[in-house]
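Q: Hey, can you piece these two chains together into the complex? The hints should help.
Those sequence lines, one after another, are chains A and B.
Residue 140 in our numbering sits at position 140 of the first sequence; the count goes up by one each step and never skips.
Residue 70 in our numbering sits at position 70 of the second sequence; the count goes up by one each step and never skips.
Calculated from the structure, these hints are not laboratory results.
Just so you know, these numbers come straight off a predicted model, no measurement behind them.
No residue lacks a Cβ here, since even glycine has one placed at the ideal position from N, Cα and C.
Keep in mind that the hints are not guaranteed to be accurate.
What the hints assert, rightly or not - Derived contacts from chain B toward chain A, CB cut-off under 7 Å, selection only:
1. 17
2. 19
3. 20
4. 49
5. 51
6. 53
7. 57
8. 102
9. 126
10. 131
11. 156
Each chain, letter by letter, is given below.
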Amino acid sequence: MARFKKKGTKAPPEINTGSMSDIIFMFLFFFMVITTIREATLIVRVRPPQASEVQKLEKKSLVSYIYIGTPINKGLGGQSRIQLNDQFADIHQIQEFITQEREARDEADRKLITTSLKIDRETRMGIVSDVKQELREIGAFKINYSAAKGKRTD
Amino acid sequence: MSKKTPQINSGSMADISFLLISFFLLTSSINTDMGISRKLPPPLDPNVKPPEIKERNVFTVLVNQNDRLLVEGKPGDLSTIKNLAKEFMSNPSNDPNLPELEMKFIPNLGDVLLPKSAVISLKNDRGTSYEMYLKVQNELTAAINELRDELSVQKFGVKMSILGNEEQIAAIKAAIPVPISEAEPENIGGN
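Chain B with its partners taken away, still in its complex shape (with noise of 0.2 Å):
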């Protein structure tokens, strides 16, 4: 009866927050923003002539006002879009209305068979919706990331996220570059 409780040690509790409190001060920085990343083109020199790039290497898609597609000149959907721009930037049957394929030296890969000069030209409409747009952006990342993974197993054998190697995520992203190139902006539809 006159026996005391014995009395419990907090002492360890310290350590428990201590524990959550790095918990927290790791997890908190994965909030951060996420977006698609793009670099903007120097502005244009209107002395230079921009150069002459042939019909093969160029995949246009175009979208209008009312959010419509059109890839290559025939209407398309978002669906579509992704696997054509994969089949534009890879040409696997060397078809002679896709970029021409050329052996390319690429530090860390070795020789590649890659397209000499492949681009994406996307024209918006100022009506188009950002949504929309950022939609395509989207599909032809996807294309672009697709690529680079298949590139990066069949070099590597992993995946590009899986990558631990700098130089080796540097070559896989030389070989195959972000080929969007947006049309200077035209006052078509108005506001």
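Excised from the complex, chain A in its bound form (with noise of 0.2 Å):
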């Protein structure tokens, strides 16, 4: 009896906090690894041209992105592509691309959808051009040319 009494008046244990932080650590490293995640597999390749006047794209929910580039493929030619999503599409293929894309949002947000248009800067314009025909006829007013910051050069 006499034992145990002596163990109760002791202060209570401090809790270790020491893996506290361990685990704040592998909060820090979940978010760094999907911030980073792409929105598709580049199939097509595009190096974005330099620009001095850029701003950034707000509201990346609100963003769809149509890639034009020659195919990383080697085999499939040296022509620019279009790619939709993880596949090459056709040119046709984008009002149908851009329908899909306003059903996948709110209906109050489908006309703020923007799209980002991610083209190789050894594109030809022919094929740029026929895409934003079709954007322009389907409504899809707001685009993006995406492109690098860089320095103005004069």
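A: In structure tokens:
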């Protein structure tokens, strides 16, 4: 009995918080991994041109992407191709793609969708004009020419 | 000898990692996509005739398939296009060959002397490289941004990028719009 009483008078042991930081670090890595996830795996080569007057694209959830460039797989030829989602697409599939993108968003947000054109710098304007014409017809007027921030050359 | 080494208090370690986590959460949004935003015009109605625009109100930029520029009928290059566009859009000397000026009332700005209608017409060939096209777009955007900055400094004392007031930004944007009009694509040089 006496032995037990002696123990009870002691102060409660401190909780070890050393592992707390490890948990938080795990969170940290989780977020770092999540934020770098790409929207699609590129199958066309896109080296964005440089421009000095670039602006940030706001609201990533309201952006749909169209990639244009030469196929990474050299066996598929050197012609510029369009990539929608994860596969090559034909010029006529763009309208369908925009409709799908609209349906995936809330009704209220549909007008705010921006189409980001990620186009390789060596692409010819012919295919770009065709894509722009398709976008005009379907009514996706807000576009963004993706470019890397560069210095002015003057 | 028998003394134990005191334990280091690691409670604050969690706080430090929390700081790190919030830092990463904030900065990870910085690597968002950058680009030049544009608004496409609605498709043309074939029954409606396009309005006539006076020659003095149009600034034509042509880019051919060899990425050469023709600015207002003269061969030009990228370094001069920005200043030419700025001169065109502001017409500081009231030149009869540049757009007509008129006093416009803009909310939050008051009366400003602005061109009545100034259009930059950009036309490219199907063979133009995208890089060149974007460079031209970039120069024209630079011209607009500089004019906006000048107006902002004149009216509010600071550059537009520092303006915090949404209404002021909207006023500047209304005073100097993005007047770039792209010609309907034509198939001239083939693919």
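Q: Of the numbered hints stated earlier in the document, which are not met by this structure?
A: 2, 4, 5, 6, 7, 8 and 11
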